[in-house]
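Chemist: Mind docking chain B on chain A? Use the hints.
In case you want the letters, here they are:
Protein chains: 2
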Amino acid sequence: MKLKNLVGQRFKERPADCATDSHAFMVRGVYMKIVSNGIFSEYPVLRRITSKIEKIIREEMDAIDGQEVLFPVVMPAELWEESGRYSSVGSELVRFADRHKAPMVLGMTHEEAAVQLVREYGQSYQRYPFMIYQMQRKFRDEARPRAGMIRVREFTMKDAYSFHTTQKDLEEYYQRCFDAYHNVFRRTGVPQVISVASDSGMMGGSVSHEYMLLNEIGEDSIVICNECDYRANMEAAANIVDNGTPDALKELVCVSTPDCKTIEDVCAFLGTDVKKSCKAVVYQKNCDDSYVVAFTRGDYEVNETKLRNLAGAEIHPAVITDNSVLTAGYIGPYGISDKAEYYFDVSLKGISALVAGANKEGYHYTGLNLERELGEVNYVDISKVQEGGICPHCGKPAISIKRGIEVGNIFQLGDKYTKTMGMTYTDKDGVVKHPIMGCYGIGVGRLAASICEEYHDAYGPVWPISIAPWEVHLCCLRADDETVKGVADDLYEKLKAAATEVIYDDRRGVRPGEMFADADLLGVPVRVVVSLKNIKEGKVEISTRDKSVKTSVDIDEAVEYIINLKNQLYAQLG
Amino acid sequence: MKLKNLVGQRFKERPADCATDSHAFMVRGVYMKIVSNGIFSEYPVLRRITSKIEKIIREEMDAIDGQEVLFPVVMPAELWEESGRYSSVGSELVRFADRHKAPMVLGMTHEEAAVQLVREYGQSYQRYPFMIYQMQRKFRDEARPRAGMIRVREFTMKDAYSFHTTQKDLEEYYQRCFDAYHNVFRRTGVPQVISVASDSGMMGGSVSHEYMLLNEIGEDSIVICNECDYRANMEAAANIVDNGTPDALKELVCVSTPDCKTIEDVCAFLGTDVKKSCKAVVYQKNCDDSYVVAFTRGDYEVNETKLRNLAGAEIHPAVITDNSVLTAGYIGPYGISDKAEYYFDVSLKGISALVAGANKEGYHYTGLNLERELGEVNYVDISKVQEGGICPHCGKPAISIKRGIEVGNIFQLGDKYTKTMGMTYTDKDGVVKHPIMGCYGIGVGRLAASICEEYHDAYGPVWPISIAPWEVHLCCLRADDETVKGVADDLYEKLKAAATEVIYDDRRGVRPGEMFADADLLGVPVRVVVSLKNIKEGKVEISTRDKSVKTSVDIDEAVEYIINLKNQLYAQLG
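Chains as they are written, first to last, in our numbering: chain A, 1 to 574; chain B, 575 to 1148.
Among the hints, erroneous ones may be present.
Straight line, CA to CA, 20 Å or less: simulated EDC-like cross-link-like pairs of lysine to aspartate or glutamate [what the hints assert, rightly or not]:
1) K849/B - D816/B
2) K4/A - D743/B
3) K55/A - E628/B
4) K578/B - D62/A
5) K578/B - E120/A
6) K576/B - D62/A
7) K1070/B - D62/A
8) K419/A - D169/A
9) K55/A - E633/B
Where chain A lies over chain B, by a calculated footprint (3+ residues, C-beta under 8 Å) [claimed, not checked]:
10) 635 to 642
11) 647 to 661
12) 670 to 681
13) 717 to 729
Hint data in this document are derived by calculation from the structure and do not stem from the laboratory.
In this text the structure is predicted, and so the values were computed from the model without any measurement.
Glycine included, each C-beta is placed from N, C-alpha and C at the ideal position.
For reference, chain A alone in the conformation it holds in the complex (with noise of 0.2 Å):
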């Protein structure tokens, strides 16, 4: 098409309020339009991105046995109660009330619908396995929407859901959707995407992984090992601390520590080393506001999501008021009131004399040690790996930290659903079972706008072929000027000819310098060039946006040129 009738309007400066140069960029290129907080719109150049990236991955999805399915955005409250998650899942949830007072929801996954489609279909073991898939649009009312498509509120996903008689049959299909994930993120330009080990979270089930393009604007941090091949998700990373050989035991004293409200200022005050102090750390429980402390060494940090999944409760940061339990900044684990649950870091193991709070205002002891004082301890794993850190699984101090965005992620849900929701089918054996699933989801927005930010340099996107709104970017550099228009021209329509997507810039009275501006806002991946200059030679300029190529061809070679071109950048992407 021709760039003058593209809906649009490119503009040359950041806007003040992104983050991010993919928003910026996709901003400023009008990819994209904000309606509300973490809603947008999306123009025609990001369209056709993202259609571009929905035939990928529904091709993927096809080739391991898909059936696109669709569910309805709008679902009824009783479906999410069947699961329990109605209840369960917070304020993300949108739950509203139709002209009948009925409660419905907006559907932010659809486990709950997947299962209740093919519940009476499912009810013999000989329909196994299958998998289904939709491309639909989500709500998930995010607290804090951020960096334009990375993080918003609703989006067009791509969510899988297979189901299986046995585990065996989930992990080999399971890793059939990881094969294919890969292919997606290959054929979609970013090879480069790791699979990490996360938590599973509020979906439920076992094993999960998380597809990860490492970006340092990412507000994921992945775990990995410079030695082997680990990764995880901090979430899930087990964290292995060594402290060295024991020193000799201590006495227990009690002193005073004024004006000290960190573990931190209490070692500078008393002149102990922090990674010999014990930190206390305090959750309350969301369902009854119980208090659970965790006990940390002081140079580590809480890792929520562990210390969730091993209490069995939501918890948020606590208030401990004056009438608490608790003695706000000198809880200790030596005296502390049976009324608060609590547990020990495997980072305080194998110390022998630590500093902790005295559980009395102004106060902490030295030489506290642990199995003196309380008995048998049972250390648990709730506090974040640290750069530096030992692999858990090859057990070298081998850990690097990075940041990365999530583009995808796969879970092995086993029978949550299907169990809370009674979904059965009779086993060969004339049992009545509950099949077990494997759910599998891609968001399509945020995976363009990862790439965006992976592939852009100063003055724009690079958009790989695959995806890229267009595959060649055609500049007529004077369309006032009749054999330069007729040359272009002939290009263009040469090239529509040959199966080609062209955007043709014959704008007249446009400055090349703008021209080559809005080219790079579009970040196609070939450019050709014609103007009066190369047009006396008999040549067309040719170039990558990627700056890769750069050549002067015979205009009667172009479009074999420019064909055979585009196909070696398909090629690269295997």
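Modeler: This is chain B only, laid out in the frame that chain A set:
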């Protein structure tokens, strides 16, 4: 794909709660599943059909220079407040509050979002005309969903919005879209869809058309002239009434009409012709409950849309209490309270002596002459056209009334939205103006269901090949026989290699009758049967679902025959 892997189990019995054949077949054939009243999931069979319809629509929209975009399902209320529709649209618009208590709506159409998207882009006349469209889920909280996918609450819709600087340009584009719609219906197999003039309703604007598939299950009444090409929706059809030469005047007499509840009762009691009576139908304005009385000839029905447009307000049937200014059952034009607003229908014009209510409990007038009793009377068109009525176009008494399903609509919106939402452009002459808009909708699921309703026999749908879930249904009647299975497998592979979409039924132990019943429910246009009997003769049986073809073909020639047959079926759609 193989039928045995297709998710969804077909069944024999017609479900009790299906009022229409299409609904029953789409449930029995496992096309769709109800999730809540008027909310459905699509099984793989239907998703294949809707995907094909979506593709055809996209191609036709692209062919008239449409640019695909995507608007969100969830929008902030403030956007709908800009246009005034946040308050003017009734409870079919879902309103809810997000987690920050911000009022939101679910998109039922996207005029506001369209204007918001292009308000900055469209600031210069040089940018016009342009058209943007999307394929998106919509939610409309219908009071009475019905007939399966015909009238639902959540649906996928293609909605398009065009922007123009002149009425002439809008009209030219409107005509292009008008033609593109006929292409869509022709290509999806329903060239018989007609366009009718319609009332624009809440969309605003003046000129609009609905695309109607004439079918007795339709809920719209279509007015068609048998003598000329006049066609209109009942709401928009002008009612022309000829009361012939006036009779002589009669004396106005107030008579007792005890226990006569309707105008028919009154005329029967008095022994007069109901065509010489004046009926009163009473409404109230939604805004202030004030009365609006419609007077029509006794045998005509009030057209509420016309009355609403005339009254300039939403109305509902009146509740008349004992203290009311109106005397229920005895309301007439002479002596009526001046607190009620009232209108005289054209059907009353030229009747010299009417029977009409006397505004007094138990009494009617006879011999009432409107002009004599009231002075000058302004007759307006507020009644429904009748079968055999006079065509407003050719003047002949040749009006027919048919039932139709609305499968699309197009509107000339004018500047209703650009004006209220402050969208302007600077024209050639430097003057700042509001652009004018057209909008164009097609419901994807409803079109699928309407086509099913139009094309089915007693056993299932007969899908046009362009939207059929597959092109060929291959039945292997004896999958346990090596030779039969070999021939069928070979055909399956060859057809797939020839880019033909095949659903292959190679189930073992399934009787031919059940196989054929399943095939009938899937409605695939070309059927190929491989059986022991026809193989012995070196043949396979090839037929069409519509029974126009049924033949035996040599095994070696089967693939070529099938491809030709398939191409013929496509060619028939033009």
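Chemist: So, against the hints stated earlier in the document, which numbers end up violated here?
Modeler: When the structure is compared with the hints, none of them turns out to be violated.
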